[in-house]
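*Asks:* One letter stands for each residue in the lines below.
There are 2 protein chains.
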Amino acid sequence: MAKEQKSEVTADALSEALVRRLPGYYRHLREMEAAGIKRVSSMKLGRRMHQTASLIRQDINTFGGIGRQGLGYDVRELKEKIGDLLDLNRGHEMIILGAGNIGTAVAGYASFQQNGFTTVAMFDVNPAKIGTKAGGIPVLSMDALEDYVMAHPVDIAVLAVPKEQAVTVMERVQKLGIRAVWNFAPVDLQYDQTAMTVVNVHLSDTLQVLSYQLAHMR
Amino acid sequence: MAKEQKSEVTADALSEALVRRLPGYYRHLREMEAAGIKRVSSMKLGRRMHQTASLIRQDINTFGGIGRQGLGYDVRELKEKIGDLLDLNRGHEMIILGAGNIGTAVAGYASFQQNGFTTVAMFDVNPAKIGTKAGGIPVLSMDALEDYVMAHPVDIAVLAVPKEQAVTVMERVQKLGIRAVWNFAPVDLQYDQTAMTVVNVHLSDTLQVLSYQLAHMR
Numbered sequence: 001m002a003k004e005q006k007s008e009v010t011a012d013a014l015s016e017a018l019v020r021r022l023p024g025y026y027r028h029l030r031e032m033e034a035a036g037i038k039r040v041s042s043m044k045l046g047r048r049m050h051q052t053a054s055l056i057r058q059d060i061n062t063f064g065g066i067g068r069q070g071l072g073y074d075v076r077e078l079k080e081k082i083g084d085l086l087d088l089n090r091g092h093e094m095i096i097l098g099a100g101n102i103g104t105a106v107a108g109y110a111s112f113q114q115n116g117f118t119t120v121a122m123f124d125v126n127p128a129k130i131g132t133k134a135g136g137i138p139v140l141s142m143d144a145l146e147d148y149v150m151a152h153p154v155d156i157a158v159l160a161v162p163k164e165q166a167v168t169v170m171e172r173v174q175k176l177g178i179r180a181v182w183n184f185a186p187v188d189l190q191y192d193q194t195a196m197t198v199v200n201v202h203l204s205d206t207l208q209v210l211s212y213q214l215a216h217m218r
Numbered sequence: 219m220a221k222e223q224k225s226e227v228t229a230d231a232l233s234e235a236l237v238r239r240l241p242g243y244y245r246h247l248r249e250m251e252a253a254g255i256k257r258v259s260s261m262k263l264g265r266r267m268h269q270t271a272s273l274i275r276q277d278i279n280t281f282g283g284i285g286r287q288g289l290g291y292d293v294r295e296l297k298e299k300i301g302d303l304l305d306l307n308r309g310h311e312m313i314i315l316g317a318g319n320i321g322t323a324v325a326g327y328a329s330f331q332q333n334g335f336t337t338v339a340m341f342d343v344n345p346a347k348i349g350t351k352a353g354g355i356p357v358l359s360m361d362a363l364e365d366y367v368m369a370h371p372v373d374i375a376v377l378a379v380p381k382e383q384a385v386t387v388m389e390r391v392q393k394l395g396i397r398a399v400w401n402f403a404p405v406d407l408q409y410d411q412t413a414m415t416v417v418n419v420h421l422s423d424t425l426q427v428l429s430y431q432l433a434h435m436r
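Chains as they are written, first to last, in the working numbering: chain A, 1 to 218; chain B, 219 to 436.
Read the hints as simulated data drawn from the structure, not as lab findings.
For each residue, glycine too, the CB sits at the ideal point set by N, CA and C.
Be aware that one or more of the hints could be misleading.
Here are some of the chain A residues that sit facing chain B, going by a computed Cβ distance under 8 Å [as the list claims (entries may be wrong)]: (1) A105; (2) Q213; (3) M217.
Over the 12 Å line for every Cβ pair with chain B, so calculated as not near, a few chain A residues [to be verified]: (4) T52; (5) K129; (6) E171.
When you get a sec, could you build the whole thing from the sequences and use the hints?
*Replies:* Right, dumping it as structure tokens:
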């Protein structure tokens with residue numbers, strides 16, 4: 001009885017920093033599982049992930065419900081738990097808006113498929129691209145976006161259009177009721193935060209962080 | 219006299235979270251400057267950046283040496299200060315290792331050039347690509363990497379090779395004395411942290427964070 005009352009931190013309570021670390025855990029645990037490793041200590045996992053053992057223990061305690069049992073964590077159990085938190089155990093269907101270099105790179109990125117993220121279609125305004133394939137995915141006319149999504153509901157829209165088109169495309173995505181946007185356009189989009197969630201990949205920003213780090217190396 | 223003793227936080231003391239926000243500041247300030255805006259309050263800047271006015275004030279105080287003068291911050295002065303911190307006011311030369319989809323997307327990304335990051339060459343192992351151009355940049359043989367860098371020192375190496383090649387390519391980059399690596403391969407690279415700095419863009423990780431956010435939306 002007492003055991004059942006033990007409070008488990010809900011996933012919603014995870015800090016942003018911890019959420020950002022989850023995919024790294026998942027990646028390392030999957031590699032370990034593939035290599036036939038059954039159990040791992042916080043020290044070994046930390047060394048592999050360039051983190052301290054105490055951060056690893058603290059993170060894993062936060063998930064709740066993972067026993068250490070003296071011999072380290074069960075690799076498979078921990079991987080499944082993190083996969084559940086990341087919701088990787090159901091499939092996600094994605095569309096890519098913009099069939100330029102970035103859109104094509106995303107379409108061709110094999111490891112998304114491995115995690116259950118399937119790109120079902122791409123959309124572009126360029127008549128020369130419409131009807132072709134990019135990264136193996138059919139490119140449809142951007143004009144067909146609404147009809148397509150009405151007929152084939154999707155989970156995630158990847159925004160890979162030029163900056164100038166990002167705002168209007170985002171408005172169309174929001175109207176269609178798509179709830180998740182992976183944004184590669186270098187703009188901070190306005191959206192209804194109760195209806196959608198957005199993750200930005202601002203490539204220029206990460207390059208500037210590298211420039212900062214290079215300039216301020218000890 | 220008292221004024222001169224006021225301690226100014228050095229750039230090395232900026233927190234990782236603040237460093238990650240700097241490119242966003244720079245982007246918005248540049249857009250404002252281009253739109254002819256001379257001064258901005260912490261409230262207006264915050265609204266634009268989806269941050270609180272108090273965080274903005276706290277960040278800008280941390281940089282030091284920026285007066286508020288009642289009427290808000292001087293847009294140009296603040297932009298230049300942040301550009302200095304990010305070391306954007308000198309040029310950076312980059313090479314891209316791997317002329318696949320990601321490497322080509324990086325090569326073709328116009329806004330890097332705008333911030334003084336110039337891609338001078340790409341390298342690949344695929345004979346069909348060597349001698350061609352990708353994203354406007356000449357693709358050389360990966361075998362020529364050492365000779366090229368010896369003759370043309372570069373600031374930044376972009377790692378856009380498949381996961382399997384990332385470790386050996388990273389070793390070659392480190393031997394060449396290149397001090398900054400922008401890594402797109404989905405591996406956590408080992409390197410001498412006193413000699414190099416690395417920023418990882420793990421695309422799969424950011425997609426998984428989006429999946430987490432979608433699953434845990436209120």
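*Asks:* It remains to establish, for every hint, whether it holds in the given structure.
*Replies:* Each hint tested on the structure:
{"no.": "1", "hint": "A105", "in the structure": "holds (4 Å)"}
{"no.": "2", "hint": "Q213", "in the structure": "holds (4 Å)"}
{"no.": "3", "hint": "M217", "in the structure": "holds (6 Å)"}
{"no.": "4", "hint": "T52", "in the structure": "holds (15 Å)"}
{"no.": "5", "hint": "K129", "in the structure": "holds (15 Å)"}
{"no.": "6", "hint": "E171", "in the structure": "holds (17 Å)"}
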